[in-house]
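Engineer: Sequence:
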Amino acid sequence: VRLVVSGGGLVQAGGSLRLSCAASSNIASFNPMAWYRQTPGNQRELVATISNIGAEHYASFVKGRFTISRDNSKNTMYLQMNGLKPEDTGVYLCAAWYETDYYETDYWGKGTLVTVSS
Numbered sequence: 033v034r035l036v037v038s039g040g041g042l043v044q045a046g047g048s049l050r051l052s053c054a055a056s057s058n059i060a061s062f063n064p065m066a067w068y069r070q071t072p073g074n075q076r077e078l079v080a081t082i083s084n085i086g087a088e089h090y091a092s093f094v095k096g097r098f099t100i101s102r103d104n105s106k107n108t109m110y111l112q113m114n115g116l117k118p119e120d121t122g123v124y125l126c127a128a129w130y131e132t133d134y135y136e137t138d139y140w141g142k143g144t145l146v147t148v149s150s
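In our numbering, the protein residues as written are 33 to 150.
Any given hint might turn out to be false.
Unchecked claim - Just the calculated beta-carbon pair ranges, DEER-fashion:
(1) GLY115 - SER56: 18 to 24 angstroms
(2) SER149 - ILE85: 19 to 25 angstroms
(3) GLN112 - ASN74: 21 to 27 angstroms
(4) GLU136 - GLN70: 22 to 28 angstroms
(5) ALA45 - ASN74: 15 to 21 angstroms
(6) GLN44 - TYR134: 47 to 53 angstroms
(7) GLU119 - ASN63: 15 to 21 angstroms
(8) SER149 - ARG34: 30 to 36 angstroms
(9) PRO72 - TRP129: 26 to 32 angstroms
(10) SER56 - ALA91: 41 to 47 angstroms
(11) GLU77 - TYR134: 27 to 33 angstroms
What the hints assert, rightly or not - Cut-off 30 angstroms, straight-line C-alpha distance, at most; resulting in silico cross-link-like pairs (DSS-like, lysine-lysine):
(12) LYS95 - LYS106
(13) LYS117 - LYS95
(14) LYS117 - LYS142
(15) LYS95 - LYS142
(16) LYS106 - LYS142
Honestly, the hints are just simulated from the structure, not real lab data. Small disclaimer: the values here were computed from a predicted structure and weren't measured. C-beta: ideal position from N, C-alpha, C; glycine also.
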């Protein structure tokens with residue numbers, strides 16, 4: 033399974049971006065799917081997760097500004113980022129987990145760079 037991330041770029045503080053994570057296969061059984069970010073000087077941190085039934089969870093530092101969603105019919109997960117701050121600058125990655133009774137595995141997409149200027 034390939035996860036392809038797109039939508040990053042340069043934006044001014046207060047602006048918005050929407051990231052997409054497109055999967056090469058059906059995502060309906062992926063549970064959860066998630067967005068992470070790698071910010072300069074920091075370890076990888078969890079931004080948001082969404083379950084296979086749409087339950088959303090957010091890191092405190094993005095709550096109220098970012099919205100995670102998924103469209104199973106398009107095999108794509110999204111991250112709508114509003115009210116961007118310079119400290120949101122980093123490489124954003126998506127991930128997905130798949131589990132059966134016999135095994136579990138995870139998939140990761142290559143990141144997209146988000147740069148927020150002050």
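Engineer: Could you run down the list of hints and mark each one as holding or not?
Structural biologist: Verification of the supplied hints:
no.: 1; hint: GLY115 - SER56: 18 to 24 angstroms; result: violated, 32 angstroms
no.: 2; hint: SER149 - ILE85: 19 to 25 angstroms; result: violated, 37 angstroms
no.: 3; hint: GLN112 - ASN74: 21 to 27 angstroms; result: holds, 22 angstroms
no.: 4; hint: GLU136 - GLN70: 22 to 28 angstroms; result: holds, 24 angstroms
no.: 5; hint: ALA45 - ASN74: 15 to 21 angstroms; result: holds, 19 angstroms
no.: 6; hint: GLN44 - TYR134: 47 to 53 angstroms; result: holds, 49 angstroms
no.: 7; hint: GLU119 - ASN63: 15 to 21 angstroms; result: violated, 30 angstroms
no.: 8; hint: SER149 - ARG34: 30 to 36 angstroms; result: holds, 31 angstroms
no.: 9; hint: PRO72 - TRP129: 26 to 32 angstroms; result: holds, 27 angstroms
no.: 10; hint: SER56 - ALA91: 41 to 47 angstroms; result: violated, 27 angstroms
no.: 11; hint: GLU77 - TYR134: 27 to 33 angstroms; result: holds, 31 angstroms
no.: 12; hint: LYS95 - LYS106; result: holds, 25 angstroms
no.: 13; hint: LYS117 - LYS95; result: holds, 13 angstroms
no.: 14; hint: LYS117 - LYS142; result: holds, 22 angstroms
no.: 15; hint: LYS95 - LYS142; result: holds, 24 angstroms
no.: 16; hint: LYS106 - LYS142; result: holds, 19 angstroms
This entry does not satisfy hints 1, 2, 7 and 10, going by the numbered hints stated previously.
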